[in-house]
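K.L.:
Hey, can you work out the whole structure from these sequences and the hints?
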Amino acid sequence: MEAFSHLLNRLYFTHGNNAKGELIKDYFAHTPDPDRGWALAALAGELSFDLFKRSLARDLIKERVDPVLFEMSYDYVGESAETIAHLWPESENRQRLNRLPSLHEVIEQFNERTKEGVREYLTLLLDNCDANQRWALLKLGTRGLRVGVSARFIKKVLAEFGGVDVNDVESVWHGVTPPYTELFAWLEGKAPMPDMSERVTFHPVMLAHPLEEKDHETLDVAAYQVEWKYDGIRVQLVSTPQGKALFSRTGDDIGAAFPDLLEAVDFMAVLDGELLVEKDGRTGSFNDLQQRLNRKTPTKKMLKESPAFMIAYDLLRIGDEDMRERPLEERSARLRDWHTQQQPARIKRAQILPADDVEMLQALRDEAERGHEHHIEGLMLKRKDSPYVAGRPKGVWYKWKRDPLVIDTVMLYAQRGHGKRSSFYSDFTFGLWQSEQLLPVGKAYSGFTDEELKQLDKFVRNNTINRFGPVREVEKTLVCELAFDSVHESNRHKSGVALRFPRIHRIRWDKPANEADTLDNLKALIV
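Residue numbers for the sequence shown follow the working numbering, so the first one is 1 and each next one is one higher.
FYI, nobody ran anything at the bench for these hints, they're computed from the structure.
Note that beta-carbon positions come from the ideal geometry of N, C-alpha and C, so glycine has one too.
Don't take each hint at face value.
Unchecked claim - Here are the in silico distance ranges between beta carbons for each label pair:
#, residue 1, residue 2, range
1, G391, R467, 19 to 27 Å
2, F13, E330, 44 to 52 Å
3, K511, E330, 34 to 42 Å
4, M196, N111, 43 to 51 Å
5, V527, F468, 34 to 42 Å
6, F468, G117, 29 to 37 Å
7, L207, V527, 41 to 49 Å
8, F501, L60, 31 to 39 Å
9, E321, N132, 50 to 58 Å
P.N.:
Given below as C-alpha coordinates:
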(Lines of atoms letter the chains of each structure in order from A and count residues from 1; the text may use other names and numbers.)
(Lines give C-alpha, C1' and ligand atoms only; values in the text may rest on other atoms or scores of the structure.)
Protein backbone atom coordinates (compact mmCIF):
# COMPACT_ATOMS: atom_id res chain seq x y z
CA MET A 1 0.00 0.00 0.00
CA GLU A 2 2.92 2.34 0.73
CA ALA A 3 4.40 1.93 -2.77
CA PHE A 4 1.01 2.47 -4.41
CA SER A 5 0.28 5.62 -2.40
CA HIS A 6 3.73 6.94 -3.31
CA LEU A 7 3.00 6.29 -7.00
CA LEU A 8 -0.36 8.08 -6.87
CA ASN A 9 1.11 11.11 -5.16
CA ARG A 10 3.93 11.38 -7.69
CA LEU A 11 1.49 11.00 -10.60
CA TYR A 12 -0.72 13.73 -9.18
CA PHE A 13 2.13 16.24 -9.07
CA THR A 14 3.81 15.17 -12.32
CA HIS A 15 3.00 16.94 -15.58
CA GLY A 16 3.39 15.42 -19.02
CA ASN A 17 2.50 11.96 -20.30
CA ASN A 18 6.10 10.90 -20.84
CA ALA A 19 7.03 11.56 -17.22
CA LYS A 20 3.87 9.87 -15.93
CA GLY A 21 4.56 6.87 -18.15
CA GLU A 22 8.09 6.49 -16.78
CA LEU A 23 6.75 6.53 -13.20
CA ILE A 24 4.23 3.80 -13.97
CA LYS A 25 6.74 1.60 -15.83
CA ASP A 26 9.18 1.93 -12.94
CA TYR A 27 6.44 0.88 -10.51
CA PHE A 28 5.57 -2.17 -12.65
CA ALA A 29 9.25 -3.14 -12.85
CA HIS A 30 9.86 -2.98 -9.10
CA THR A 31 6.53 -4.15 -7.68
CA PRO A 32 5.75 -7.88 -7.44
CA ASP A 33 2.57 -9.67 -8.45
CA PRO A 34 -0.24 -9.38 -7.56
CA ASP A 35 0.19 -5.83 -6.22
CA ARG A 36 1.18 -4.33 -9.56
CA GLY A 37 -1.81 -6.00 -11.21
CA TRP A 38 -4.24 -4.49 -8.72
CA ALA A 39 -2.55 -1.11 -9.17
CA LEU A 40 -3.05 -1.49 -12.92
CA ALA A 41 -6.74 -2.25 -12.34
CA ALA A 42 -7.10 0.89 -10.23
CA LEU A 43 -5.30 3.11 -12.76
CA ALA A 44 -7.37 1.72 -15.64
CA GLY A 45 -10.67 2.19 -13.80
CA GLU A 46 -11.30 -1.56 -13.55
CA LEU A 47 -11.42 -1.77 -9.75
CA SER A 48 -14.55 -1.29 -7.66
CA PHE A 49 -15.87 -2.32 -4.26
CA ASP A 50 -19.44 -3.12 -3.29
CA LEU A 51 -19.20 -1.81 0.28
CA PHE A 52 -16.41 0.79 0.24
CA LYS A 53 -18.21 3.97 -0.82
CA ARG A 54 -17.46 7.68 -0.61
CA SER A 55 -20.40 8.06 1.79
CA LEU A 56 -18.75 5.65 4.26
CA ALA A 57 -15.60 7.77 4.46
CA ARG A 58 -17.72 10.89 4.98
CA ASP A 59 -19.67 9.20 7.79
CA LEU A 60 -16.44 8.17 9.52
CA ILE A 61 -14.86 11.63 9.43
CA LYS A 62 -18.05 13.28 10.71
CA GLU A 63 -17.95 10.96 13.72
CA ARG A 64 -14.44 12.23 14.54
CA VAL A 65 -14.55 15.95 13.76
CA ASP A 66 -17.24 18.60 13.88
CA PRO A 67 -19.46 18.06 10.77
CA VAL A 68 -19.57 21.83 10.23
CA LEU A 69 -15.76 21.93 10.23
CA PHE A 70 -15.69 19.13 7.67
CA GLU A 71 -18.20 20.85 5.37
CA MET A 72 -16.35 24.16 5.59
CA SER A 73 -13.02 22.43 4.94
CA TYR A 74 -14.49 20.50 2.02
CA ASP A 75 -15.89 23.73 0.59
CA TYR A 76 -12.41 25.27 0.80
CA VAL A 77 -10.43 22.26 -0.48
CA GLY A 78 -13.01 21.12 -3.03
CA GLU A 79 -12.02 17.45 -2.93
CA SER A 80 -13.46 14.88 -0.52
CA ALA A 81 -10.52 12.45 -0.22
CA GLU A 82 -7.97 15.22 0.35
CA THR A 83 -10.19 16.89 2.95
CA ILE A 84 -10.67 13.66 4.92
CA ALA A 85 -6.99 12.70 4.60
CA HIS A 86 -5.84 15.92 6.26
CA LEU A 87 -8.66 16.24 8.81
CA TRP A 88 -8.42 12.67 10.10
CA PRO A 89 -7.39 13.05 13.78
CA GLU A 90 -4.55 11.27 15.54
CA SER A 91 -5.80 8.92 18.26
CA GLU A 92 -3.86 7.60 21.25
CA ASN A 93 -6.35 4.73 21.57
CA ARG A 94 -6.02 3.51 18.02
CA GLN A 95 -5.07 -0.08 17.21
CA ARG A 96 -1.52 0.06 15.88
CA LEU A 97 -0.26 -2.02 12.96
CA ASN A 98 3.35 -3.20 12.72
CA ARG A 99 3.24 -2.44 9.00
CA LEU A 100 0.74 -1.26 6.44
CA PRO A 101 -0.75 -4.20 4.52
CA SER A 102 0.18 -4.66 0.87
CA LEU A 103 -2.16 -3.46 -1.85
CA HIS A 104 -3.52 -6.92 -2.61
CA GLU A 105 -4.15 -7.55 1.10
CA VAL A 106 -6.15 -4.32 1.33
CA ILE A 107 -8.25 -5.23 -1.70
CA GLU A 108 -8.80 -8.77 -0.44
CA GLN A 109 -10.08 -7.48 2.91
CA PHE A 110 -12.46 -4.97 1.34
CA ASN A 111 -13.86 -7.64 -0.98
CA GLU A 112 -14.32 -10.33 1.67
CA ARG A 113 -15.61 -8.40 4.69
CA THR A 114 -19.19 -7.61 5.64
CA LYS A 115 -20.50 -4.05 5.65
CA GLU A 116 -19.53 -3.59 9.30
CA GLY A 117 -16.22 -5.33 8.68
CA VAL A 118 -15.37 -2.92 5.86
CA ARG A 119 -16.18 -0.02 8.16
CA GLU A 120 -13.86 -1.37 10.88
CA TYR A 121 -11.04 -2.15 8.44
CA LEU A 122 -11.20 1.27 6.77
CA THR A 123 -11.04 2.91 10.19
CA LEU A 124 -8.02 0.79 11.12
CA LEU A 125 -6.18 1.76 7.94
CA LEU A 126 -7.00 5.46 8.21
CA ASP A 127 -5.74 5.44 11.81
CA ASN A 128 -2.40 3.96 10.73
CA CYS A 129 -1.76 5.89 7.51
CA ASP A 130 -0.19 9.30 7.08
CA ALA A 131 -2.09 11.98 5.15
CA ASN A 132 -0.71 11.00 1.72
CA GLN A 133 -1.46 7.33 2.31
CA ARG A 134 -4.98 8.14 3.53
CA TRP A 135 -5.58 10.17 0.38
CA ALA A 136 -4.42 7.29 -1.85
CA LEU A 137 -6.53 4.79 0.10
CA LEU A 138 -9.67 6.89 -0.27
CA LYS A 139 -9.01 7.47 -3.97
CA LEU A 140 -8.55 3.73 -4.43
CA GLY A 141 -11.87 2.94 -2.76
CA THR A 142 -14.00 5.44 -4.60
CA ARG A 143 -12.64 4.83 -8.16
CA GLY A 144 -11.91 8.51 -8.66
CA LEU A 145 -8.10 8.57 -8.92
CA ARG A 146 -7.99 11.70 -11.12
CA VAL A 147 -4.22 11.65 -11.57
CA GLY A 148 -4.22 12.41 -15.30
CA VAL A 149 -4.12 8.79 -16.45
CA SER A 150 -6.68 7.36 -18.90
CA ALA A 151 -7.35 3.72 -19.73
CA ARG A 152 -5.99 4.22 -23.26
CA PHE A 153 -2.83 5.84 -21.89
CA ILE A 154 -2.30 2.91 -19.52
CA LYS A 155 -2.42 0.48 -22.45
CA LYS A 156 0.24 2.51 -24.26
CA VAL A 157 2.40 2.39 -21.13
CA LEU A 158 1.94 -1.39 -20.91
CA ALA A 159 2.99 -1.73 -24.56
CA GLU A 160 6.15 0.30 -23.89
CA PHE A 161 6.84 -1.70 -20.73
CA GLY A 162 6.66 -4.98 -22.63
CA GLY A 163 8.08 -3.79 -25.95
CA VAL A 164 4.95 -4.89 -27.81
CA ASP A 165 2.43 -3.22 -30.12
CA VAL A 166 -0.33 -1.32 -28.33
CA ASN A 167 -2.88 -3.01 -30.61
CA ASP A 168 -1.75 -6.38 -29.24
CA VAL A 169 -2.36 -5.09 -25.71
CA GLU A 170 -5.80 -3.86 -26.82
CA SER A 171 -6.61 -7.23 -28.37
CA VAL A 172 -6.08 -9.14 -25.12
CA TRP A 173 -7.14 -6.48 -22.61
CA HIS A 174 -10.79 -7.49 -22.35
CA GLY A 175 -9.92 -11.17 -22.09
CA VAL A 176 -7.70 -10.82 -19.02
CA THR A 177 -8.76 -9.89 -15.51
CA PRO A 178 -7.15 -8.40 -12.37
CA PRO A 179 -4.54 -8.97 -11.04
CA TYR A 180 -3.31 -9.55 -14.61
CA THR A 181 -0.54 -12.06 -13.82
CA GLU A 182 -1.03 -13.65 -17.26
CA LEU A 183 -0.68 -10.25 -18.92
CA PHE A 184 2.49 -9.28 -17.06
CA ALA A 185 4.05 -12.70 -17.70
CA TRP A 186 3.62 -12.10 -21.44
CA LEU A 187 4.90 -8.52 -21.28
CA GLU A 188 8.05 -9.66 -19.45
CA GLY A 189 8.71 -12.46 -21.95
CA LYS A 190 8.00 -15.23 -19.44
CA ALA A 191 4.91 -16.60 -21.20
CA PRO A 192 3.25 -16.45 -24.63
CA MET A 193 0.64 -13.87 -25.52
CA PRO A 194 -2.64 -14.73 -23.71
CA ASP A 195 -4.82 -17.00 -25.85
CA MET A 196 -8.22 -15.44 -26.54
CA SER A 197 -9.56 -18.24 -28.75
CA GLU A 198 -11.66 -19.85 -26.03
CA ARG A 199 -13.06 -16.60 -24.62
CA VAL A 200 -15.86 -14.28 -25.65
CA THR A 201 -13.78 -11.16 -26.14
CA PHE A 202 -14.23 -7.57 -27.17
CA HIS A 203 -12.39 -6.19 -30.19
CA PRO A 204 -11.15 -2.61 -29.56
CA VAL A 205 -13.21 -0.23 -31.67
CA MET A 206 -12.16 2.05 -34.51
CA LEU A 207 -13.01 5.71 -33.88
CA ALA A 208 -13.52 8.82 -36.01
CA HIS A 209 -12.14 12.35 -35.95
CA PRO A 210 -14.52 15.33 -36.18
CA LEU A 211 -14.68 16.75 -39.71
CA GLU A 212 -13.36 20.32 -39.58
CA GLU A 213 -14.08 23.16 -41.99
CA LYS A 214 -10.44 23.08 -43.16
CA ASP A 215 -10.83 19.42 -44.18
CA HIS A 216 -13.41 20.28 -46.87
CA GLU A 217 -10.84 21.62 -49.33
CA THR A 218 -8.68 18.48 -49.36
CA LEU A 219 -11.36 15.84 -48.82
CA ASP A 220 -11.74 13.36 -51.68
CA VAL A 221 -15.37 12.52 -50.97
CA ALA A 222 -15.48 9.77 -53.61
CA ALA A 223 -12.89 7.81 -51.59
CA TYR A 224 -15.23 7.65 -48.59
CA GLN A 225 -18.28 5.61 -47.71
CA VAL A 226 -20.97 7.85 -46.21
CA GLU A 227 -23.50 6.71 -43.61
CA TRP A 228 -25.91 8.31 -41.18
CA LYS A 229 -24.63 8.86 -37.65
CA TYR A 230 -27.34 7.61 -35.31
CA ASP A 231 -28.10 8.97 -31.85
CA GLY A 232 -27.77 5.71 -29.91
CA ILE A 233 -24.74 4.08 -28.35
CA ARG A 234 -21.89 2.28 -30.08
CA VAL A 235 -21.95 -1.46 -29.41
CA GLN A 236 -20.23 -4.62 -30.51
CA LEU A 237 -22.33 -7.76 -30.78
CA VAL A 238 -20.22 -10.90 -30.39
CA SER A 239 -21.56 -14.36 -31.12
CA THR A 240 -19.02 -17.21 -31.24
CA PRO A 241 -19.02 -20.90 -30.28
CA GLN A 242 -17.75 -19.73 -26.87
CA GLY A 243 -20.88 -17.66 -26.23
CA LYS A 244 -22.67 -14.37 -26.88
CA ALA A 245 -22.10 -10.87 -25.50
CA LEU A 246 -23.06 -7.27 -26.14
CA PHE A 247 -20.22 -4.83 -25.41
CA SER A 248 -20.22 -1.05 -25.12
CA ARG A 249 -17.54 0.92 -26.99
CA THR A 250 -15.33 0.72 -23.89
CA GLY A 251 -15.66 -3.06 -23.61
CA ASP A 252 -18.21 -3.24 -20.79
CA ASP A 253 -20.61 -6.16 -21.15
CA ILE A 254 -24.10 -4.62 -21.19
CA GLY A 255 -25.90 -7.73 -22.42
CA ALA A 256 -27.87 -8.19 -19.18
CA ALA A 257 -29.72 -4.94 -19.89
CA PHE A 258 -30.66 -6.08 -23.41
CA PRO A 259 -31.58 -9.78 -23.23
CA ASP A 260 -34.16 -9.34 -25.99
CA LEU A 261 -31.40 -8.53 -28.49
CA LEU A 262 -29.04 -11.32 -27.39
CA GLU A 263 -31.79 -13.95 -27.30
CA ALA A 264 -32.59 -13.20 -30.95
CA VAL A 265 -29.01 -13.93 -32.07
CA ASP A 266 -28.79 -17.24 -33.94
CA PHE A 267 -25.64 -16.71 -36.00
CA MET A 268 -21.86 -16.71 -35.61
CA ALA A 269 -20.44 -13.25 -36.27
CA VAL A 270 -19.03 -10.10 -34.68
CA LEU A 271 -20.87 -6.91 -35.63
CA ASP A 272 -20.03 -3.27 -34.99
CA GLY A 273 -23.02 -0.96 -34.85
CA GLU A 274 -25.46 1.30 -33.02
CA LEU A 275 -27.84 0.20 -30.27
CA LEU A 276 -31.29 1.80 -30.26
CA VAL A 277 -34.79 1.03 -28.98
CA GLU A 278 -38.23 1.25 -30.54
CA LYS A 279 -40.94 3.37 -28.96
CA ASP A 280 -44.55 3.40 -30.12
CA GLY A 281 -43.61 1.78 -33.42
CA ARG A 282 -40.77 4.19 -34.29
CA THR A 283 -37.14 4.64 -33.35
CA GLY A 284 -36.98 5.84 -29.76
CA SER A 285 -34.95 8.78 -28.49
CA PHE A 286 -31.62 8.51 -26.72
CA ASN A 287 -33.54 9.21 -23.52
CA ASP A 288 -35.72 6.12 -24.18
CA LEU A 289 -32.57 4.05 -24.64
CA GLN A 290 -31.03 5.50 -21.49
CA GLN A 291 -33.89 4.16 -19.36
CA ARG A 292 -32.72 0.66 -20.23
CA LEU A 293 -29.02 1.45 -20.00
CA ASN A 294 -29.49 2.46 -16.38
CA ARG A 295 -31.00 -0.90 -15.41
CA LYS A 296 -29.04 -4.08 -14.76
CA THR A 297 -32.14 -6.11 -15.55
CA PRO A 298 -35.02 -4.65 -17.60
CA THR A 299 -38.62 -5.04 -16.48
CA LYS A 300 -41.19 -6.86 -18.60
CA LYS A 301 -42.78 -3.49 -19.28
CA MET A 302 -39.49 -2.10 -20.62
CA LEU A 303 -38.98 -5.12 -22.87
CA LYS A 304 -42.48 -4.70 -24.27
CA GLU A 305 -42.56 -0.92 -24.64
CA SER A 306 -38.90 -0.31 -25.63
CA PRO A 307 -37.58 -3.37 -27.50
CA ALA A 308 -33.91 -3.14 -28.44
CA PHE A 309 -32.47 -3.40 -31.93
CA MET A 310 -29.12 -2.78 -33.59
CA ILE A 311 -28.09 -1.02 -36.78
CA ALA A 312 -25.01 -2.90 -38.00
CA TYR A 313 -22.47 -0.89 -39.96
CA ASP A 314 -19.43 -3.16 -39.94
CA LEU A 315 -18.65 -6.86 -40.04
CA LEU A 316 -15.56 -7.73 -37.99
CA ARG A 317 -15.85 -11.50 -38.08
CA ILE A 318 -18.08 -13.99 -39.86
CA GLY A 319 -17.89 -17.58 -38.66
CA ASP A 320 -14.19 -18.17 -37.98
CA GLU A 321 -13.06 -15.62 -40.61
CA ASP A 322 -11.51 -12.40 -39.25
CA MET A 323 -12.53 -9.53 -41.54
CA ARG A 324 -10.75 -6.65 -39.82
CA GLU A 325 -7.77 -6.49 -42.21
CA ARG A 326 -10.03 -6.41 -45.26
CA PRO A 327 -10.91 -2.99 -46.76
CA LEU A 328 -14.18 -1.42 -45.63
CA GLU A 329 -15.69 -1.71 -49.11
CA GLU A 330 -15.27 -5.49 -48.97
CA ARG A 331 -16.54 -5.72 -45.38
CA SER A 332 -19.62 -3.69 -46.32
CA ALA A 333 -20.38 -5.93 -49.30
CA ARG A 334 -20.05 -9.05 -47.13
CA LEU A 335 -22.28 -7.45 -44.48
CA ARG A 336 -24.92 -6.67 -47.13
CA ASP A 337 -24.88 -10.22 -48.52
CA TRP A 338 -24.84 -11.77 -45.05
CA HIS A 339 -27.75 -9.62 -43.86
CA THR A 340 -29.80 -10.40 -46.98
CA GLN A 341 -29.27 -14.15 -46.58
CA GLN A 342 -29.49 -14.34 -42.79
CA GLN A 343 -32.24 -11.76 -42.23
CA PRO A 344 -31.35 -11.61 -38.52
CA ALA A 345 -34.06 -10.56 -36.09
CA ARG A 346 -33.59 -7.17 -34.39
CA ILE A 347 -30.63 -6.26 -36.60
CA LYS A 348 -30.90 -3.70 -39.38
CA ARG A 349 -28.14 -2.76 -41.79
CA ALA A 350 -26.76 0.78 -42.01
CA GLN A 351 -27.71 2.65 -45.16
CA ILE A 352 -24.85 3.72 -47.44
CA LEU A 353 -25.59 7.21 -48.76
CA PRO A 354 -24.76 8.61 -52.22
CA ALA A 355 -22.21 11.44 -52.04
CA ASP A 356 -19.50 12.33 -54.56
CA ASP A 357 -18.55 15.84 -53.45
CA VAL A 358 -18.72 18.24 -50.52
CA GLU A 359 -21.93 19.83 -51.84
CA MET A 360 -23.73 16.48 -51.68
CA LEU A 361 -22.32 15.94 -48.20
CA GLN A 362 -23.65 19.33 -47.10
CA ALA A 363 -27.09 18.48 -48.49
CA LEU A 364 -27.11 15.23 -46.51
CA ARG A 365 -26.01 17.04 -43.36
CA ASP A 366 -28.79 19.60 -43.89
CA GLU A 367 -31.18 16.66 -44.07
CA ALA A 368 -29.78 15.40 -40.77
CA GLU A 369 -30.42 18.85 -39.26
CA ARG A 370 -34.09 18.48 -40.18
CA GLY A 371 -34.26 14.81 -39.25
CA HIS A 372 -34.53 14.87 -35.45
CA GLU A 373 -37.57 12.62 -35.70
CA HIS A 374 -35.33 9.95 -37.27
CA HIS A 375 -32.74 10.33 -34.50
CA ILE A 376 -29.88 11.01 -36.84
CA GLU A 377 -27.18 13.28 -35.45
CA GLY A 378 -25.02 13.73 -38.52
CA LEU A 379 -22.85 11.83 -40.99
CA MET A 380 -20.04 9.28 -40.86
CA LEU A 381 -17.35 9.27 -43.55
CA LYS A 382 -15.16 6.17 -43.76
CA ARG A 383 -12.41 5.51 -46.29
CA LYS A 384 -13.50 2.66 -48.53
CA ASP A 385 -10.00 1.14 -48.46
CA SER A 386 -9.62 1.29 -44.67
CA PRO A 387 -8.97 -1.84 -42.61
CA TYR A 388 -10.60 -1.95 -39.17
CA VAL A 389 -7.93 -0.86 -36.68
CA ALA A 390 -8.20 0.04 -33.01
CA GLY A 391 -8.01 3.67 -31.99
CA ARG A 392 -8.46 6.86 -34.00
CA PRO A 393 -6.16 6.84 -37.06
CA LYS A 394 -5.92 10.26 -38.69
CA GLY A 395 -7.73 10.94 -41.96
CA VAL A 396 -9.44 7.54 -42.14
CA TRP A 397 -12.85 7.97 -40.48
CA TYR A 398 -14.65 11.26 -39.89
CA LYS A 399 -17.83 12.26 -38.09
CA TRP A 400 -19.73 15.38 -39.13
CA LYS A 401 -22.35 16.04 -36.50
CA ARG A 402 -25.23 18.44 -36.92
CA ASP A 403 -24.91 21.79 -35.19
CA PRO A 404 -25.90 21.66 -31.52
CA LEU A 405 -29.07 23.25 -30.17
CA VAL A 406 -28.48 26.40 -28.12
CA ILE A 407 -30.44 28.36 -25.54
CA ASP A 408 -29.72 31.33 -23.26
CA THR A 409 -29.80 30.36 -19.57
CA VAL A 410 -29.10 32.04 -16.23
CA MET A 411 -26.49 30.72 -13.79
CA LEU A 412 -28.12 29.63 -10.51
CA TYR A 413 -25.57 27.56 -8.57
CA ALA A 414 -21.90 26.60 -8.67
CA GLN A 415 -19.72 23.93 -7.12
CA ARG A 416 -15.99 23.27 -7.13
CA GLY A 417 -14.61 20.78 -9.59
CA HIS A 418 -12.36 17.80 -8.96
CA GLY A 419 -8.70 17.01 -9.53
CA LYS A 420 -6.90 19.95 -11.10
CA ARG A 421 -10.13 21.97 -10.95
CA SER A 422 -10.66 21.48 -7.22
CA SER A 423 -9.61 25.08 -6.53
CA PHE A 424 -12.11 26.54 -9.02
CA TYR A 425 -15.87 26.76 -9.20
CA SER A 426 -16.33 24.88 -12.46
CA ASP A 427 -19.59 22.89 -12.14
CA PHE A 428 -22.57 25.12 -12.83
CA THR A 429 -26.36 24.79 -12.69
CA PHE A 430 -28.42 26.89 -15.10
CA GLY A 431 -32.08 27.83 -15.26
CA LEU A 432 -34.77 29.24 -17.55
CA TRP A 433 -37.68 31.53 -16.88
CA GLN A 434 -41.15 30.23 -16.13
CA SER A 435 -43.45 33.13 -15.29
CA GLU A 436 -41.43 35.16 -12.79
CA GLN A 437 -39.14 32.41 -11.50
CA LEU A 438 -36.08 30.55 -12.75
CA LEU A 439 -36.26 26.75 -12.88
CA PRO A 440 -33.08 24.62 -13.13
CA VAL A 441 -32.79 22.87 -16.49
CA GLY A 442 -29.26 21.47 -16.53
CA LYS A 443 -25.68 21.38 -15.32
CA ALA A 444 -22.57 22.13 -17.36
CA TYR A 445 -18.87 21.86 -16.56
CA SER A 446 -17.22 22.09 -19.99
CA GLY A 447 -17.04 24.29 -23.05
CA PHE A 448 -14.96 27.12 -21.58
CA THR A 449 -11.27 28.01 -21.80
CA ASP A 450 -8.92 28.17 -18.81
CA GLU A 451 -9.15 31.97 -18.88
CA GLU A 452 -12.96 31.83 -18.96
CA LEU A 453 -12.87 29.39 -16.03
CA LYS A 454 -10.97 31.99 -13.99
CA GLN A 455 -13.56 34.61 -14.92
CA LEU A 456 -16.47 32.33 -13.99
CA ASP A 457 -14.78 31.40 -10.71
CA LYS A 458 -14.32 35.08 -9.88
CA PHE A 459 -17.97 35.78 -10.68
CA VAL A 460 -19.10 33.01 -8.31
CA ARG A 461 -16.89 34.23 -5.45
CA ASN A 462 -17.99 37.85 -5.89
CA ASN A 463 -21.69 37.10 -6.30
CA THR A 464 -22.47 34.33 -3.79
CA ILE A 465 -25.73 34.96 -1.92
CA ASN A 466 -26.18 31.60 -0.18
CA ARG A 467 -24.33 28.38 0.64
CA PHE A 468 -25.57 24.79 0.86
CA GLY A 469 -22.56 22.70 1.88
CA PRO A 470 -20.18 22.80 -1.11
CA VAL A 471 -22.81 24.47 -3.34
CA ARG A 472 -22.98 28.24 -3.75
CA GLU A 473 -26.07 30.08 -4.90
CA VAL A 474 -25.22 33.16 -6.97
CA GLU A 475 -26.92 36.38 -7.97
CA LYS A 476 -29.16 35.68 -10.96
CA THR A 477 -27.34 38.07 -13.28
CA LEU A 478 -25.04 36.00 -15.53
CA VAL A 479 -26.39 34.64 -18.81
CA CYS A 480 -24.63 31.71 -20.49
CA GLU A 481 -25.54 30.25 -23.85
CA LEU A 482 -25.75 26.48 -23.41
CA ALA A 483 -25.22 24.10 -26.31
CA PHE A 484 -26.74 20.62 -26.13
CA ASP A 485 -27.45 17.70 -28.41
CA SER A 486 -31.13 17.13 -27.63
CA VAL A 487 -33.84 17.73 -25.04
CA HIS A 488 -36.31 15.22 -23.64
CA GLU A 489 -39.23 15.16 -21.26
CA SER A 490 -38.23 13.99 -17.77
CA ASN A 491 -40.29 13.19 -14.69
CA ARG A 492 -37.17 13.36 -12.50
CA HIS A 493 -36.62 17.09 -12.94
CA LYS A 494 -38.77 19.91 -11.61
CA SER A 495 -38.59 21.65 -14.98
CA GLY A 496 -39.95 18.52 -16.68
CA VAL A 497 -37.05 18.36 -19.15
CA ALA A 498 -33.54 16.92 -19.39
CA LEU A 499 -30.71 18.06 -21.67
CA ARG A 500 -28.29 15.70 -23.37
CA PHE A 501 -24.62 16.71 -23.08
CA PRO A 502 -25.09 20.36 -22.05
CA ARG A 503 -21.96 22.53 -22.25
CA ILE A 504 -21.25 26.25 -22.14
CA HIS A 505 -21.18 27.66 -25.67
CA ARG A 506 -20.75 31.36 -24.87
CA ILE A 507 -20.66 33.52 -21.75
CA ARG A 508 -23.02 36.43 -22.35
CA TRP A 509 -21.55 39.08 -20.06
CA ASP A 510 -23.44 41.64 -22.16
CA LYS A 511 -26.92 40.17 -21.84
CA PRO A 512 -29.32 40.98 -18.95
CA ALA A 513 -30.84 38.00 -17.16
CA ASN A 514 -34.41 39.01 -17.98
CA GLU A 515 -33.62 38.44 -21.67
CA ALA A 516 -32.71 34.77 -21.15
CA ASP A 517 -34.96 32.15 -22.73
CA THR A 518 -38.07 30.64 -21.20
CA LEU A 519 -38.82 27.04 -20.36
CA ASP A 520 -41.45 27.09 -23.12
CA ASN A 521 -38.71 28.00 -25.62
CA LEU A 522 -36.80 24.89 -24.57
CA LYS A 523 -39.83 22.59 -24.60
CA ALA A 524 -40.57 23.69 -28.16
CA LEU A 525 -37.34 21.91 -29.19
CA ILE A 526 -38.61 18.51 -28.00
CA VAL A 527 -39.36 16.23 -30.95
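K.L.:
Do the beta carbons of F13 and E330 sit within 44 to 52 Å of each other?
P.N.:
50 Å, holds
K.L.:
May I ask you to test the hint 31 to 39 Å on the CB atoms belonging to F501 and L60?
P.N.:
36 Å, holds
K.L.:
Hint says 29 to 37 Å; check whether the CB-CB distance for F468 and G117 agrees.
P.N.:
Given a distance of about 34 Å, which is inside 29 to 37 Å, the answer is holds.
K.L.:
State, for the Cβ atoms of G391 and R467, whether the hinted interval 19 to 27 Å holds or is violated.
P.N.:
At roughly 45 Å between Cβ atoms, R467 and G391 fall outside 19 to 27 Å, so the hint is violated.
K.L.:
May I ask you to test the hint 34 to 42 Å on the CB atoms belonging to K511 and E330?
P.N.:
54 Å, violated
K.L.:
Holds or violated: the 41 to 49 Å window for the beta-carbon distance between L207 and V527?
P.N.:
For V527 against L207, whose Cβ atoms are near 28 Å apart, the range 41 to 49 Å is violated.
K.L.:
Between V527 and F468, does the C-beta distance stay in 34 to 42 Å?
P.N.:
35 Å, holds
K.L.:
Mind checking the hinted window 50 to 58 Å against the Cβ distance between E321 and N132?
P.N.:
Holds: the Cβ-Cβ distance is about 53 Å, inside 50 to 58 Å.
K.L.:
Should the hint that M196 and N111 are 43 to 51 Å apart at their CB atoms be regarded as holding?
P.N.:
Taking Cβ atoms as reference, M196 and N111 lie about 26 Å apart, which means the hint is violated.
Checked against the numbered hints above, the structure breaks hints 1, 3, 4 and 7 and satisfies the rest.
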